[in-house]
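Chains as they are written, first to last, in this note's numbering: chain G, 1307 to 1930; chain E, 1307 to 1930; chain A, 1307 to 1930.
Since the hints were made in silico from the structure, they are not lab data. Among these hints, one or two may not hold up.
Put simply, identical chains are the same to the list, so a pair is met inside one copy or across any two.
Stated by the list, open to error - Cross-link-like lysine-lysine pairs, in silico, PhoX-like; alpha carbons within 25 angstroms at most: (1) Lys1590 - Lys1741; (2) Lys1784 - Lys1364; (3) Lys1706 - Lys1741; (4) Lys1820 - Lys1590; (5) Lys1592 - Lys1820; (6) Lys1364 - Lys1480; (7) Lys1820 - Lys1916; (8) Lys1820 - Lys1741; (9) Lys1916 - Lys1852; (10) Lys1884 - Lys1924; (11) Lys1820 - Lys1914; (12) Lys1924 - Lys1784; (13) Lys1706 - Lys1465; (14) Lys1364 - Lys1852; (15) Lys1590 - Lys1852; (16) Lys1784 - Lys1592; (17) Lys1592 - Lys1914.
From a predicted model like this one, the values you see are computed outputs, not experimental measurements.
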Amino acid sequence: MIPELGVCYYPEHWDEAMWAEDAARMVETGITWVRIAEFAWSRLEPVPGHFTFEWLDKAIGILAGHGLKVVMCTPTATPPRWMIDRYPDMLAVDGAGQPRTFGSRRHYCFSHLGYRAESVRIAQALGERYGRDPRIHAWQIDNEYGCHDTVISYSDHAKTAFQGWCAQRYGDIKTLNTAWGNVFWSIEYTDFDQIALPHLTVTQPNPAHELAFRRFSSDQVTAYNRAQAQALRHATDAPLIHNYMGRILEFDHFDVGADLDIASWDSYPIGFLSDRLDASEAHKAKYLQQGDPDMQAFHHDLYRSVGKGRWWVMEQQPGPVNWAPYNPAPLEGMVRLWTWEAIAHGAEVVSYFRWRQAPFAQEQMHAGLLTPQNIPAPGMTEAAQVAREIAQIGAITQKKADAALVFDYASDWSWTTLPQGADFTYFRLVLEAYKAMRRAGLTVDILPVTARSFDGYDVVLAPGLAQIPDSLTQTDSKVVLGPRTGTVTEELRIPTSDTSPLPQFSESLPPDHKRSVQDAGHVVHWQETWDVADSDQTIISDDAGKAVLFESDGQFRLAAWPDETLWDTILGQLIAAKPTGDLRVRTTQDHIFVINYTNEDQSYEGHKIKGCDLAIFKDGSRIL
Amino acid sequence: MIPELGVCYYPEHWDEAMWAEDAARMVETGITWVRIAEFAWSRLEPVPGHFTFEWLDKAIGILAGHGLKVVMCTPTATPPRWMIDRYPDMLAVDGAGQPRTFGSRRHYCFSHLGYRAESVRIAQALGERYGRDPRIHAWQIDNEYGCHDTVISYSDHAKTAFQGWCAQRYGDIKTLNTAWGNVFWSIEYTDFDQIALPHLTVTQPNPAHELAFRRFSSDQVTAYNRAQAQALRHATDAPLIHNYMGRILEFDHFDVGADLDIASWDSYPIGFLSDRLDASEAHKAKYLQQGDPDMQAFHHDLYRSVGKGRWWVMEQQPGPVNWAPYNPAPLEGMVRLWTWEAIAHGAEVVSYFRWRQAPFAQEQMHAGLLTPQNIPAPGMTEAAQVAREIAQIGAITQKKADAALVFDYASDWSWTTLPQGADFTYFRLVLEAYKAMRRAGLTVDILPVTARSFDGYDVVLAPGLAQIPDSLTQTDSKVVLGPRTGTVTEELRIPTSDTSPLPQFSESLPPDHKRSVQDAGHVVHWQETWDVADSDQTIISDDAGKAVLFESDGQFRLAAWPDETLWDTILGQLIAAKPTGDLRVRTTQDHIFVINYTNEDQSYEGHKIKGCDLAIFKDGSRIL
Amino acid sequence: MIPELGVCYYPEHWDEAMWAEDAARMVETGITWVRIAEFAWSRLEPVPGHFTFEWLDKAIGILAGHGLKVVMCTPTATPPRWMIDRYPDMLAVDGAGQPRTFGSRRHYCFSHLGYRAESVRIAQALGERYGRDPRIHAWQIDNEYGCHDTVISYSDHAKTAFQGWCAQRYGDIKTLNTAWGNVFWSIEYTDFDQIALPHLTVTQPNPAHELAFRRFSSDQVTAYNRAQAQALRHATDAPLIHNYMGRILEFDHFDVGADLDIASWDSYPIGFLSDRLDASEAHKAKYLQQGDPDMQAFHHDLYRSVGKGRWWVMEQQPGPVNWAPYNPAPLEGMVRLWTWEAIAHGAEVVSYFRWRQAPFAQEQMHAGLLTPQNIPAPGMTEAAQVAREIAQIGAITQKKADAALVFDYASDWSWTTLPQGADFTYFRLVLEAYKAMRRAGLTVDILPVTARSFDGYDVVLAPGLAQIPDSLTQTDSKVVLGPRTGTVTEELRIPTSDTSPLPQFSESLPPDHKRSVQDAGHVVHWQETWDVADSDQTIISDDAGKAVLFESDGQFRLAAWPDETLWDTILGQLIAAKPTGDLRVRTTQDHIFVINYTNEDQSYEGHKIKGCDLAIFKDGSRIL
């Protein structure tokens, strides 16, 4: 597959007179895809039922006329003002009981059936007009589900829907009481309609109640998306996409992805570094203008899985953004490096956000490929360079990775509900495992818990996995379970059946408390105390003699949260690591990509790789 | 008195088939008391008016049949769901005006008379059935008043009750205006029904208003408790207990205790260390898995006073808990050490929370003596050891302490209302004084401001006491007043009568600002400038020449908040200190208990005391 | 002009029997002005329409009888309780939608026309009675507009008024949509009555919407003040004053000042240091008991401008205050120093707050010149000393300053709305520029953006100025623009016309990220990248070669936020600096004032100036 470049474009933000020149410059830059109409509902249907597609027809005509392939969007992330008059109760409600009002975006509750019907209606209207239009090569439904904490809503609509969801899941109220352990504090219900949403309680609500609500909330996103997907399936044969945002965990992306053809995501490495990464200040300072060296790759591998192999970067950071606490510019070369890294992980398209920086509204300080004055910004040059290099390199073919990592949204909900330690964060645990695998030179597949097989990998890591699927205990791969893996049921209880091996007890540790593991690193955050059987083999123990890694019945149990050094020790015990230092290596069928996120020269097998640069090898030779 | 051990048990959480074995194992462990029915309202009265005592009868039968003495509880901390249908307005309201809803526990406003009547009704129903039952040896009313910030409620019921309380206290509205100084910002009222609750104001409300509301809120807890106590007095001759939680200051425990026979409290040393202690990070790291060496003793001495000599630990931490920010396990030996320390301070019973760890609901990560899999947890072994040691040691008799410390809830309310410095915390001030007394080798009685006499002590400390009672100025003990002692009236005004000696001015100091007192320590947090009369004797001055400790009319005035070193200097000036280093010493009639909270060996008069261990001496010999 | 001293007095707080002695002691101290009636509404009109002026007549009689000049206040900052019965909806509403209730002060919404009418009514009543009374020498309207965040209100009255304000500003809704760029996220309105206030949105509202609301909110304060000013103009010829609080930025003081005769403000140096200053901990420790050495001077220069040359300090800190997080006492000499510094900057009157410390209500821990026991506090002695020194020094005449600094409230609103970096604070930026000018020995005039001319200065700094007025580009002074100056329009958009020079891109930098500028300091917080033309002259570049200061078309462009060292370098390039070290120098027509805020001796041209002391020079000789 030969990768392509794209761009996000908002014709409605600009004078029509500019559209043709814009299209010509896109093509000149080497761009082949253009995404449009994402937030344009107030221009497509300014008055309820009165559609004004003419301007969009014209824009499509100009863009396609220049040879660009169009991605059409349903504009449902931005319901227009009149929608609020029609459905004043469509707004989501926050944890304090306050409606989240009109005036920005994503102002809807996923449980509001009236708005869901309106969303289907606008999708149908667009599908009817453009579904068979050959200039439209793909469709995006809505945008960034869950951004701005919009999955969870405490509205009355959500409450009623949750009560129905409970009735369906548990059948009768006694079953629910037993499943949740409601006897604990006399919280027993006698009817489903007594169940409130789990907020505003005196102290924490029953965690089983909260987990059920999180599971329900995710299901509502899936159902909302499916309604639009079904409407579009009738209208078009083009592939359907949802564009996800990085580190959004409140809904199950695998569930949403099951109804779609391609997964795309938004890669903002510098914004993520300061806003969404758990890391030391020293680490953040080192990568301030580059982004974390694993955060993007992790998401690339995740969305390759969510998209069942087909995935894009829909929004690639092209310069400084506006939304992080601090917004420095990327170092020279980083826009190119990020683009190539996505390609190395299998992106079909890398699309920059956005064509020209808007001079108005919320994102006016968010860079585009052009400045508001229509002058090329630094990212433009690098995008054009990548386009030329793609032409030089040609097709790239992915292959099965060396190792696998299990990622499970419901596990995040479980530990968010019941963290037991203030900094027990599932995403951090999984990302740190991923980083260790990358430092060991492994390529990684990220798999859902529902994967049919985990066979054929050097090693499979499953840290913090709430429940252990049978497929994971029956694989030919080396499997490492823990910490905390398999210690709760789906109803967020401690398993009491004999079949579940469990630690004697678990401890959460404050940030400065580290427990030494000989000279091989430290236990941090979390430690379990297991009664290791005589038949088991302890591989690593801490200074106090507690087992940190042991083998039991052919599986490996990790009984603690390792720091970086201890992770490296552990992987060194399990596989033949090829440490990469500060470099990152991604291997495809025919190519090796070596990526340098640091700002200093690095050496790879005798080759010098400059700071913020990469190398591509094929058949043993450096071809870039 | 020979101390005994107990345990908290929730038969309704477990299959009836397990009860008999549980009872047998309790007895085997050396436990003699068992507390039940604490949160069982939904099982005792699943439908309003329809009682189902049969299961409880059976549980009592099995427990008592094994020789266990039962503590029966009124389950009013957990009103069942149907109660909310009956009284939707019974919920407490938080400072933002939001009702605190059903779904956890303690979801009631102390001012709601409907719920108060229901509480009396269930207490009467239990009293009727079990009040004369010889198997029931004590009664607990409700549980942990004030836990989860539940004393203060801004409900309409609280508002109406507060207006009535004001009318009763002040008689007419002009008296109230004058008492509060409402002329200050034109806040004068013309009728009691104009008085709102002191929240949601533009800037701080009148502190006199806020203090009155805090005093009222405490009175409501007392009245609520008294209603249940009166109901039970008619039904039983067994002693009545309330079980208090550590460092709850929003109601006057002495007031509640006056209506009861025994005070019990919940000792969670490791949870308290991270969650409720003002201390340096270094101190918290040193005692991470042991708890602070004075926090428990302080509460033991406090509740001995609240219980007029009779007190228990009702819930003793047996392993890791679930509710602190981080929850490490106790070091080996600490469960035994905590138990013995409570006994040294006079506990009649030390009762572990809980028998078996629940595998469900909010506290599923809170250790019990047994794991959810019914396997003994480490705490079980230590409890059994204590039981054997008690049998060996025999009776222990308390005696009057060397020194006294005055503790006054209303003083906390005064300084919380009018702190003047962001970190002026009454509890911290008092606890630091207590620590200094313990480092000096003193045993301590904690006394309320209403104590009839403060005579017969080597020294009496009264730091931060809002008003000075006459009994404190007329004692034969050395009395140390200050800092801040006697500087406000009961209406939270500066006294202007000639009889009140006052500093010229007071200063609050930011955390990093320390003022040197020669080589004897530093002033921190707070300093007063006094016009020391020629007839007074200045004992300690700071480097700038200001009096820090001086004697006036036979009383000692402490004009600053001392750091640890300065406290030691001050006590060294006043009494013959016997410094104990990191050890803590408690002397009873015949025994000396020496307790080592550190994790290293310590030496006491030539005896080695291991880390996390204690020694007991009798007649000059070490007997443990 | 010979400066005078004043005091704030609340006769209604004290027994009438004390008034005469108070007046006599004021005169004895050297005080000539007394401000009264500020918060006395409940005593002036205890029942609606029923006035009780008799006590006030008597107080005026006694004060004036002793020769004191009276400042009469309208008491509208403290509406009495009955006003809330009349207008329950007059309360302001906070950002969470919660009304801000009665019980402290400033509990009104500036948009409530009923309360505005009541304010005019009480002003008229006072004016009628005292407007022509020769004992009343000045009038203060209300007090401290904006204190306790009271400018912004999200009430329904504000919403309706804002919709009307928008209709007036934009004429038709399409113009508004275009101005704000509402197409961006389909936020387009079809009617003005659809416009909500910009809060409670899912993510940030349109910044143009928020800026318009901030501009409107400021206009409401101006209109409210003007209504009272007009009422009083009919009644009196005495000068009208509003008394501003330090670092209140939510309304345009120049706009309010335009309707008045004298600007006064409240100088609380130690409170401001800990509560309202962005500075390092080391700096705050150094000046803990003195206050920041430039914060007061900045406000003096600002209010000289707001008052069109006539200004007072209405409330001068006399000892410890009560409202900062920590409240240490001023070092000896500081009350005198602060008073003299105000005089050096041109204060007509410096008035202490307050005469006697109140023993009750919110401010009972706020020092006065007398203690609550009626004993002179340390500030009293220093005030009396200043009075004697004034008599010795005689008249002081101001002159035009060396340099000017542009200060613009709307710029603060712009960057508060659109900070782009979490610590981009306009006030901090401007104050740091002011500090640099003072360190360089310059006297400074602070000018509004509407100043007719910026001519005649050595240098004019305009950091962070949102738009550049023509007068600033056409002056004969050296002008320094930037950082960020002129980068947004009045509608908070990026200018896209060719006439606006703009950086290629801008970066916000996290606090620990500093970019070296050779050996001349560092760039912090913010850096712009400009395409410097060949015809421009780069004066200072950073280590990476980026222009930090360059000249273009005769103007200087500062492309970064300088640290202290870099500011000194920059000013050193532009003017002949006379560095003053830790001293501060203020030059008037005939005098040089040299002020030492440190606690150590300093040297000035061979003269020793003690810590917390000042020197005054005239004709080359030290006269104080």
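Checked hints:
1. Lys1590 - Lys1741: within (15 angstroms within a copy, 32 angstroms between copies)
2. Lys1784 - Lys1364: Classified as neither: same-chain Cα gap 57 angstroms, cross-chain 51 angstroms, threshold 25 angstroms.
3. Lys1706 - Lys1741: So Lys1706 and Lys1741 pass the 25 angstroms test inside one copy only (18 angstroms; across, 62 angstroms).
4. Lys1820 - Lys1590: Intra 21 angstroms, inter 14 angstroms, cutoff 25 angstroms: intra and inter.
5. Lys1592 - Lys1820: both (24 angstroms within a copy, 13 angstroms between copies)
6. Lys1364 - Lys1480: between (60 angstroms within a copy, 23 angstroms between copies)
7. Lys1820 - Lys1916: For Lys1820 and Lys1916, the Cα distance is within 25 angstroms only across copies (24 angstroms; inside one copy 36 angstroms).
8. Lys1820 - Lys1741: within (20 angstroms within a copy, 29 angstroms between copies)
9. Lys1916 - Lys1852: This pair counts as between: shortest inter-copy Cα distance 22 angstroms, intra-copy 44 angstroms.
10. Lys1884 - Lys1924: within (19 angstroms within a copy, 66 angstroms between copies)
11. Lys1820 - Lys1914: Neither: 37 angstroms inside a chain and 29 angstroms across chains, both beyond 25 angstroms.
12. Lys1924 - Lys1784: Neither: 30 angstroms inside a copy, 61 angstroms across copies.
13. Lys1706 - Lys1465: Close neither inside one copy (44 angstroms) nor across copies (59 angstroms); limit 25 angstroms.
14. Lys1364 - Lys1852: This pair counts as neither: shortest intra-copy Cα distance 70 angstroms, inter-copy 43 angstroms.
15. Lys1590 - Lys1852: Between copies, since 23 angstroms is at most 25 angstroms while 33 angstroms is not.
16. Lys1784 - Lys1592: This pair counts as neither: shortest intra-copy Cα distance 34 angstroms, inter-copy 40 angstroms.
17. Lys1592 - Lys1914: Classified as within: same-chain Cα gap 20 angstroms, cross-chain 48 angstroms, threshold 25 angstroms.
Checked against the numbered hints given earlier, the structure breaks hints 2, 11, 12, 13, 14 and 16 and satisfies all the rest.
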